[in-house]
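A.B. asks: Residues per chain are reported as follows:
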Amino acid sequence: MPITKAFTTEIDYVSILDEHGNFDAQLGSDLISNDELVQLYEQMLTSRRFDEVAFKLQRSGRMGTYPQNMGQEATSLGAAFALEPHDWLVPCYRENTGLFHRGLPMEYILLHWMGDERGNQIPRELFMTPLAIPIGTQMLHATGLAWASKYRGESNIACTFFGDGATSEGDFHEAMNFAANLDIPVIFFCQNNHWAISVPGHIQCSAPTVAQRGVAYGMDCVQCDGNDIFAVTKVVKDAAQRARDNNRPTFIEAVTYRLGDHTTADDARRYRDEEEVEMWKTRDPMIRMRDHLKSLNLWNDSKEAAATEKAETLVAEAVKRAEEIAEQPVSEIFDSMYNTIDDPEMIRQRQTMRTSSIGQDPTQVESTEQVN
Amino acid sequence: MANLTLVQAINLALVQEMEKDDRVIILGEDVGLNGGVFRVTEGLHKRFGGDRVVDSPLAESGIIGTSVGLAMAGLRPVPEIQFEGFLGPAYDQICTHAARMRTRTRGALTVPMTIRVPVGGGIHAPELHSDSPESIYTHTPGLKVVMPASPYDAKGLLISAIRDPDPVIYFEPKRIYRAFREEVPEDEYTIPIGKARVVAEGEEMTVISWGASVVQCMSAIEKSDRSIELIDLRTISPIDMETIETSVKKTGRVVIVHEAPKTCGVGAELSARIMEHCFLYLEAPVQRVTGFDTIMPYYKLELEYLPDTERISKAIDEVAVY
Numbered sequence: 000m001p002i003t004k005a006f007t008t009e010i011d012y013v014s015i016l017d018e019h020g021n022f023d024a025q026l027g028s029d030l031i032s033n034d035e036l037v038q039l040y041e042q043m044l045t046s047r048r049f050d051e052v053a054f055k056l057q058r059s060g061r062m063g064t065y066p067q068n069m070g071q072e073a074t075s076l077g078a079a080f081a082l083e084p085h086d087w088l089v090p091c092y093r094e095n096t097g098l099f100h101r102g103l104p105m106e107y108i109l110l111h112w113m114g115d116e117r118g119n120q121i122p123r124e125l126f127m128t129p130l131a132i133p134i135g136t137q138m139l140h141a142t143g144l145a146w147a148s149k150y151r152g153e154s155n156i157a158c159t160f161f162g163d164g165a166t167s168e169g170d171f172h173e174a175m176n177f178a179a180n181l182d183i184p185v186i187f188f189c190q191n192n193h194w195a196i197s198v199p200g201h202i203q204c205s206a207p208t209v210a211q212r213g214v215a216y217g218m219d220c221v222q223c224d225g226n227d228i229f230a231v232t233k234v235v236k237d238a239a240q241r242a243r244d245n246n247r248p249t250f251i252e253a254v255t256y257r258l259g260d261h262t263t264a265d266d267a268r269r270y271r272d273e274e275e276v277e278m279w280k281t282r283d284p285m286i287r288m289r290d291h292l293k294s295l296n297l298w299n300d301s302k303e304a305a306a307t308e309k310a311e312t313l314v315a316e317a318v319k320r321a322e323e324i325a326e327q328p329v330s331e332i333f334d335s336m337y338n339t340i341d342d343p344e345m346i347r348q349r350q351t352m353r354t355s356s357i358g359q360d361p362t363q364v365e366s367t368e369q370v371n
Numbered sequence: 000m001a002n003l004t005l006v007q008a009i010n011l012a013l014v015q016e017m018e019k020d021d022r023v024i025i026l027g028e029d030v031g032l033n034g035g036v037f038r039v040t041e042g043l044h045k046r047f048g049g050d051r052v053v054d055s056p057l058a059e060s061g062i063i064g065t066s067v068g069l070a071m072a073g074l075r076p077v078p079e080i081q082f083e084g085f086l087g088p089a090y091d092q093i094c095t096h097a098a099r100m101r102t103r104t105r106g107a108l109t110v111p112m113t114i115r116v117p118v119g120g121g122i123h124a125p126e127l128h129s130d131s132p133e134s135i136y137t138h139t140p141g142l143k144v145v146m147p148a149s150p151y152d153a154k155g156l157l158i159s160a161i162r163d164p165d166p167v168i169y170f171e172p173k174r175i176y177r178a179f180r181e182e183v184p185e186d187e188y189t190i191p192i193g194k195a196r197v198v199a200e201g202e203e204m205t206v207i208s209w210g211a212s213v214v215q216c217m218s219a220i221e222k223s224d225r226s227i228e229l230i231d232l233r234t235i236s237p238i239d240m241e242t243i244e245t246s247v248k249k250t251g252r253v254v255i256v257h258e259a260p261k262t263c264g265v266g267a268e269l270s271a272r273i274m275e276h277c278f279l280y281l282e283a284p285v286q287r288v289t290g291f292d293t294i295m296p297y298y299k300l301e302l303e304y305l306p307d308t309e310r311i312s313k314a315i316d317e318v319a320v321y
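Respectively, the protein sequence lines represent chains R and X. Reminder that position 275 of the first sequence reads as 274 in numbering that gives the first Met the number 0, one-by-one numbering, no gaps. Reminder that position 237 of the second sequence reads as 236 in numbering that gives the first Met the number 0, one-by-one numbering, no gaps.
Rather than coming from a laboratory, the hints here were simulated on the basis of the structure. No experiment lies behind these values; they were computed from the predicted model shown. Don't be surprised by glycine CBs; every beta carbon is placed ideally from N, CA and C. Just to be clear, a hint being listed does not mean it is correct.
As the list claims (entries may be wrong) - FRET-style restraints, in silico, Cβ to Cβ:
{"#": "1", "chain 1": "X", "residue 1": "V14", "chain 2": "R", "residue 2": "Y150", "range": "23 to 33 Å"}
{"#": "2", "chain 1": "X", "residue 1": "G42", "chain 2": "R", "residue 2": "N33", "range": "52 to 62 Å"}
{"#": "3", "chain 1": "R", "residue 1": "M278", "chain 2": "X", "residue 2": "T308", "range": "46 to 56 Å"}
{"#": "4", "chain 1": "R", "residue 1": "P1", "chain 2": "X", "residue 2": "G87", "range": "29 to 39 Å"}
{"#": "5", "chain 1": "X", "residue 1": "G87", "chain 2": "R", "residue 2": "P199", "range": "49 to 59 Å"}
{"#": "6", "chain 1": "R", "residue 1": "S154", "chain 2": "X", "residue 2": "P164", "range": "27 to 37 Å"}
{"#": "7", "chain 1": "X", "residue 1": "V320", "chain 2": "R", "residue 2": "P343", "range": "18 to 28 Å"}
{"#": "8", "chain 1": "R", "residue 1": "V329", "chain 2": "X", "residue 2": "L127", "range": "29 to 39 Å"}
{"#": "9", "chain 1": "X", "residue 1": "S218", "chain 2": "R", "residue 2": "D300", "range": "32 to 42 Å"}
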């Protein structure tokens with residue numbers, strides 16, 4: 000018997016506005032209105048400013064470790080724009096722009112990195128989960144959130160974000176498998192930014208595309224230019240429709256680049272070439288967006304100056320709100336542990352945090368004064 | 000003899016063991032070109048090459064699971080898990096496989112690997128970068144658990160761990176990675192696994208601790224005018240009961256200090272064993288100074304959570320006058 004093909008496939012690559020300013024009018028015409036385009040650019044500008052300020056806050060000791068989003072603004076922004084306000088956003092930690100677009104006040108992200116859990120106390124109506132620090136675990140949660148929506152007959156879906164490194168984790172594969180086999184309306188959005196801290200993408204995936212990982216699970220998958228907000232918007236809209244109409248998941252690989260270090264604790268010069276970074280700077284999503292707006296006569300230098308000033312004000316106000324938030328009572332670390340604290344030992348620990356060494360039952364130390 | 004930080008002492012031990020034994024290989028996230036996020040493996044990739052210092056895919060279960068295989072085949076893998084908070088995905092491979100392999104094969108297959116893991120709080124790190132999970136692995140039969148509190152011990156203990164025929168979790172207290180330097184001999188030496196260190200001798204009380212908390216204990220003891228014996232456990236599993244018993248029978252009073260939550264922390268086991276071995280010698284109830292039974296808070300409140308000198312001093316005073 001001759002050997003036949005059991006299966007063959009192709010992966011689409013979607014690009015609508017490339018780094019040279021070429022615009023595919025056929026694919027891009029009805030995706031984003033001119034007004035929306037201006038708003039999205041202003042949001043990118045604000046997010047980039049936020050990134051710069053957050054970096055300086057860390058450097059001056061006013062904030063802890065911070066992962067810059069620089070260069071990846073179009074990915075989460077395009078996705079959040081393409082989705083409905085009640086669709087779940089299940090982020091990693093480089094999706095500031097999309098979260099701000101959805102309505103997350105910027106001080107929440109600052110508070111998180113300032114070591115304050117209130118940065119995760121996100122209003123329920125924003126339909127987003129807090130930043131996920133361990134890598135690759137949140138895709139399963141997105142699958143569960145979308146599953147619940149399907150179970151209840153509701154229309155909202157979920158979109159989860161993660162990097163190329165996360166596709167090496169077991170949980171990623173389990174999430175993809177659950178979603179495909181149980182028909183869950185979830186979108187897996189991989190921000191392939193080429194670097195997992197110091198480890199290059201080919202250590203995570205030796206196939207030509209990360210997107211094709213979805214093929215093995217029997218789900219639709221697509222690769223797009225992640226620095227092209229039109230392309231991102233299109234692939235997410237298509238995926239959302241597939242999810243809403245047929246409960247089918249989609250795997251999206253958005254090709255982008257981490258222009259900054261992994262976090263403020265990292266120094267990328269140790270492991271990657273400056274030429275590579277310089278090349279990707281020419282593909283900065285904001286440059287092509289601004290040039291495109293100018294070509295449409297929607298933007299000019301005075302608008303840029305005004306928008307920059309507005310962004311600076313918005314970010315400065317967010318920093319002020321984050322830094323001036325009331326101090327948390329120390330007992331808060333107990334109060335948020337359970338719905339109610341019934342355990343007498345925990346109650347005792349809570350009451351004596353700073354007045355006791357916590358070890359002994361007070362009735363056993365009657366012979367000593369409580370020392371502050 | 001060189002004056003080294005804890006990070007440098009670990010690096011030196013790795014270099015020397017890798018030079019001596021080509022079965023020793025390192026794998027983990029960012030351990031290669033980047034030299035590890037704490038620079039513990041700095042220079043090793045250049046020195047020993049990419050076949051022995053391996054930047055792995057980002058997958059903790061994969062790192063430990065393949066290390067189990069490498070070790071069963073006779074190599075001496077030294078996998079790194081980047082932070083203790085990322086041990087979760089590797090738990091299955093550590094506890095379900097590495098810990099059990101010798102027993103379930105009755106010795107036909109063994110897992111001589113050393114899992115290096117930065118541990119503990121106090122460095123203003125993000126979420127899941129500050130926990131103290133040592134009791135989980137101490138409670139898992141089949142593992143050895145080590146945590147040095149000084150550069151000298153760090154080198155000697157790591158060499159012992161790498162040469163040990165069974166799986167060892169080598170916790171590195173990141174708060175003291177660069178906190179101080181110590182004379183560390185260039186020549187190879189080992190600190191035996193399972194042997195505690197008497198840091199300071201005393202007559203009135205025994206303070207037992209390990210990892211970064213040892214430093215807090217030393218400062219509390221310096222502030223006290225009592226004669227206090229300080230024991231640095233160094234190895235958490237197996238516990239050196241001989242050293243503890245000798246000390247407690249002499250002093251009759253005990254304070255145990257650890258960063259991990261109180262309930263079912265290693266302090267609970269120590270306290271129970273002291274009851275079993277030294278009950279008739281005790282002059283006071285054993286006192287524990289620990290983290291609280293809560294999730295490790297984000298860094299704004301982490302110093303409220305971690306045992307500090309004041310809380311330790313208070314326990315010392317309470318136990319002393321009981």
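A.B. asks: Is the hinted range of 32 to 42 Å satisfied by the C-beta distance from X:S218 to R:D300?
C.D. replies: Violated, since X:S218 and R:D300 (Cβ atoms, about 59 Å apart) do not stay within the stated range.
A.B. asks: Is the gap between the beta carbons of X:V14 and R:Y150 within 23 to 33 Å?
C.D. replies: Violated: the Cβ-Cβ distance is about 56 Å, outside 23 to 33 Å.
A.B. asks: That 27 to 37 Å hint for R:S154 and X:P164 (C-beta), does it hold up?
C.D. replies: violated (59 Å)
A.B. asks: Range first: 46 to 56 Å. Now tell me if the beta carbons of R:M278 and X:T308 are that far apart.
C.D. replies: Given about 52 Å between the Cβ atoms, the range holds.
A.B. asks: Is 29 to 39 Å right for how far apart the beta carbons of R:P1 and X:G87 are?
C.D. replies: violated (49 Å)
A.B. asks: Can you let me know if the beta-carbon spacing of X:G87 and R:P199 is within 49 to 59 Å?
C.D. replies: violated (25 Å)
A.B. asks: Holds or violated: the 18 to 28 Å window for the beta-carbon distance between X:V320 and R:P343?
C.D. replies: holds (26 Å)
A.B. asks: Do the Cβ positions of R:V329 and X:L127 conform to the proposed distance bound of 29 to 39 Å?
C.D. replies: Violated - the Cβ-Cβ distance for R:V329 and X:L127, about 21 Å, lies outside 29 to 39 Å.
A.B. asks: Looking only at beta-carbon atoms, does the pair X:G42, R:N33 fall within the given range of 52 to 62 Å?
C.D. replies: holds (55 Å)
Of the numbered hints listed earlier, those contradicted by the structure are 1, 4, 5, 6, 8 and 9.
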